[in-house]
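Top to bottom, those sequences are chains R and V. Note that this note's numbering has the first sequence beginning at 1, numbered continuously upward. Note that this note's numbering has the second sequence beginning at 1, numbered continuously upward.
Read the hints as simulated data drawn from the structure, not as lab findings. Given the structure is predicted, the values throughout are model-derived calculations rather than measurements. A few of these clues could be false.
As the list claims (entries may be wrong) - Where chain R lies over chain V, by a calculated footprint (3+ residues, C-beta under 8 Å):
{"#": "1", "stretch": "27-39"}
{"#": "2", "stretch": "43-55"}
{"#": "3", "stretch": "215-222"}
{"#": "4", "stretch": "257-263"}
To be verified - Covered stretches of chain R, as calculated for chain V (at least 3 residues, CB under 8 Å):
{"#": "5", "stretch": "80-91"}
{"#": "6", "stretch": "192-204"}
{"#": "7", "stretch": "230-239"}
{"#": "8", "stretch": "261-273"}
{"#": "9", "stretch": "278-291"}
Unchecked claim - The calculated DSBU-like cross-link candidates involving lysine-lysine, where the alpha carbons are at most 35 Å apart (straight line), are:
{"#": "10", "chain 1": "V", "residue 1": "Lys190", "chain 2": "V", "residue 2": "Lys33"}
{"#": "11", "chain 1": "V", "residue 1": "Lys199", "chain 2": "V", "residue 2": "Lys33"}
{"#": "12", "chain 1": "V", "residue 1": "Lys165", "chain 2": "V", "residue 2": "Lys85"}
{"#": "13", "chain 1": "R", "residue 1": "Lys270", "chain 2": "V", "residue 2": "Lys33"}
{"#": "14", "chain 1": "R", "residue 1": "Lys270", "chain 2": "V", "residue 2": "Lys165"}
{"#": "15", "chain 1": "R", "residue 1": "Lys270", "chain 2": "R", "residue 2": "Lys135"}
We treat Cβ as the ideally placed atom computed from N, Cα and C, and that holds for glycine.
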Amino acid sequence: MLTTEIIVQSLASGVLMGLLYGLIAVGLALIFGLMDVVNFAHGEFLMMAMYATFGFAVFLMLDPLLAAPLVAASLFLFGALVYLAIVRFAMRARTNRGMVQIFATFGLAIVMRGLAQLLFTPDYRSIPSSWLGGKTLSVAGIFLPAPQLAGAFVAIAAFAAFYVLINRTDLGRALEATREDAGAVALVGIDRNRVFALGWGLGAALVGLAGAVMAIFFYVYPDVGASFALIAYVTVALGGFGSVFGAFAAGVIVGLVEAITAMIIPPALKQVGIYAVYLAVVFIRPRGLFGSI
Amino acid sequence: MMETSSFVERRRRELVAAVAIAAFVAALPLFIKDVYVQNILVLTLMYVALSQSWNILGGYCGQISLGHALYFGIGAYATAMLFVKFGVLPWFGMAAGGIIAALVALALGYPCFRLGGHYFVIATIVIAETGYLLLLNWDWAGAALGIDIPVRQDSWTTFQFTRSKLPYIYFALALACITWLMTWVLEDSKWGYWWRAVKDNPDAAESLGVVVFHSKMAAAAVSAFFTAVGGSFYAQFVSYIDPDSVMSFHFSLLMALPAVLGGIGTLWGPALGAIVLIPLTELTRSYVGGTGKGIDLIVYGTLVMTIALARPDGLIGIFSGRRPRGAKR
């Protein structure tokens, strides 16, 4: 039976999960908004961040919460490197640019999955013990798992910091200007490649933060990114391509929809609710909830 | 613009080349007795056909679908279910699968073709994923366990051959030839020109009287029909299907990949892409994949990345780059 308590409980966990979905999607939306590239390796970035967190926890005894900044920094470097080594060349294609980008990043995703299998084996791993793992917080009769709660705080804090960075700093202005006209910024002395590399770094760092928190309460394995990646694509499109705020808000909506669907139909089908909402939205608003027409 | 005579001549040359290649492939089983290699041959030919079908909608009409696994799965499941549950022969199942897939494509195209760019691509992905999840939880259709197609007898009537792979090779070859020939005919038909116009500039096409919406619908129906026939063939070939092996997202990418790597929207691209990609995939999988160390994935991913970056026009560019010089006679 669905009691009010159960409903409130699942809605609450839906929002918590949704904030993490939002954080994952923001990284993807940033990269897309900046240069019209959909990063098909985004889920593998997440997987890599989770393994990195796992590594810090097991070998350096570092709690995931302490490791998170280190993981984000590593992912920042990795994201910038991926841009400089791969995506930069994919953007030079004169024809089929969309497909070249899709399959260049898709190829990268497959390589990363293969490397993960080679280095870490396909085994499911979980961080043996952490400060927050397994703890819950009870608020007015609702139990909130501590890791997810921390994840929600990290997501909100990271998004707030990111929002300030985009809107209030020179770096943000450079990003925005490059997004609007990548050719013209060169005239005012902005190195396009540097801005794009920074964008990829930032996008990867955001997904890195998400991965660090998720490693506390999810198994880590080579294919872990795939299912989250699809949710991230849908989230970004639902919010409207190009809108970073839209991606974050859509993340919360997706988390809620998932929780509600799981209450109504068998949980194995919970993604169907997300997909149905996406289709319903774009059939009415072909550019997503917050996308500009 | 190309002169009419040289255009007609080029098309005739293409037809001759196709006949020669088909004859060559048809003769291959005389020399290749190894079952493992024959298996790769069947899969390669099947992917030629699948990718050629994908190319109609994705390449010529420019509507990038990453959800074609839905149609492939419909073909495979329609054939297997009709045979297992109702004793209907696979040939009718194949036709039924193709028609159902085409109708589904039309029904889905009606709302989806109003979406542009990435919104359309993601819509195709989530629709196929929805189909996959429903199939995974549909007990009557075997759910996650899938369907085992029982062996009756080796014959063309039941389309089952346990002792020899030759019939499968020739059927896959026929399917590859049919999809190629269909593309060849459509290229120079009203639809072919409409599709390319829709791909290049839908607004301009509309203003010149091309019915953009109908063009997309026609391409989707044709593409879905042949993809489902391929799925139906696959079910007969492996005689066991489950949602993961016929309707997962990875499959949608595998159908698009040869066309993209070979040359999207070209007559020969999908075939060339499949001939390069499928044997390489299968060989790496069997030689280094068994270790479970993911080396096959690394090789495969590197290959995809390298071709995409080095040859944005597809591998076909290697040939067409020389053609103008060779054609000056």
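Pairwise hint evaluation, Lys165 of chain V against Lys270 of chain R, where the allowed Cα distance is 35 Å at most: 42 Å, violated
Does the alpha-carbon distance linking Lys270 of chain R and Lys135 of chain R stay inside the 35 Å limit? 25 Å, holds
Given the hint that Lys190 of chain V pairs with Lys33 of chain V, test it: the Cα-Cα distance must not exceed 35 Å. Not satisfied, since the Cα-Cα distance of roughly 44 Å exceeds 35 Å.
Stated coverage of the stretch 192-204 of chain R by chain V [criterion: 3+ residues, CB within 8 Å]: violated (count 0)
Residue count check for the stretch 278-291 of chain R against chain V: does it reach three with CB-CB under 8 Å? holds (count 7)
Using C-beta distances, would you say chain V covers the stretch 261-273 of chain R, given that this needs three or more residues below 8 Å? holds (count 5)
Per the coverage rule (Cβ-Cβ under 8 Å, at least three residues), is the stretch 215-222 of chain V covered by chain R? violated (count 0)
Regarding the pair Lys165 of chain V and Lys85 of chain V, is the alpha-carbon distance no greater than 35 Å? 26 Å, holds
Against chain V, does the stretch 80-91 of chain R show at least 3 residues with beta-carbon separation below 8 Å? Answer holds; 3 residues pass the 8 Å Cβ test.
Verdict on chain R covering the stretch 257-263 of chain V, where coverage means 3 or more residues with a C-beta closer than 8 Å: holds (count 3)
Is the hinted pair Lys270 of chain R and Lys33 of chain V satisfied, with a Cα-Cα distance of at most 35 Å? Distance of about 48 Å is beyond 35 Å: violated.
Taking beta carbons only, do three or more residues of the stretch 230-239 of chain R come closer than 8 Å to chain V? As far as the stretch 230-239 of chain R goes, the hint holds, because 4 residues have Cβ atoms under 8 Å from chain V.
Against the hints set out earlier in the document, violations occur for numbers 1, 2, 3, 6, 10, 11, 13, 14.
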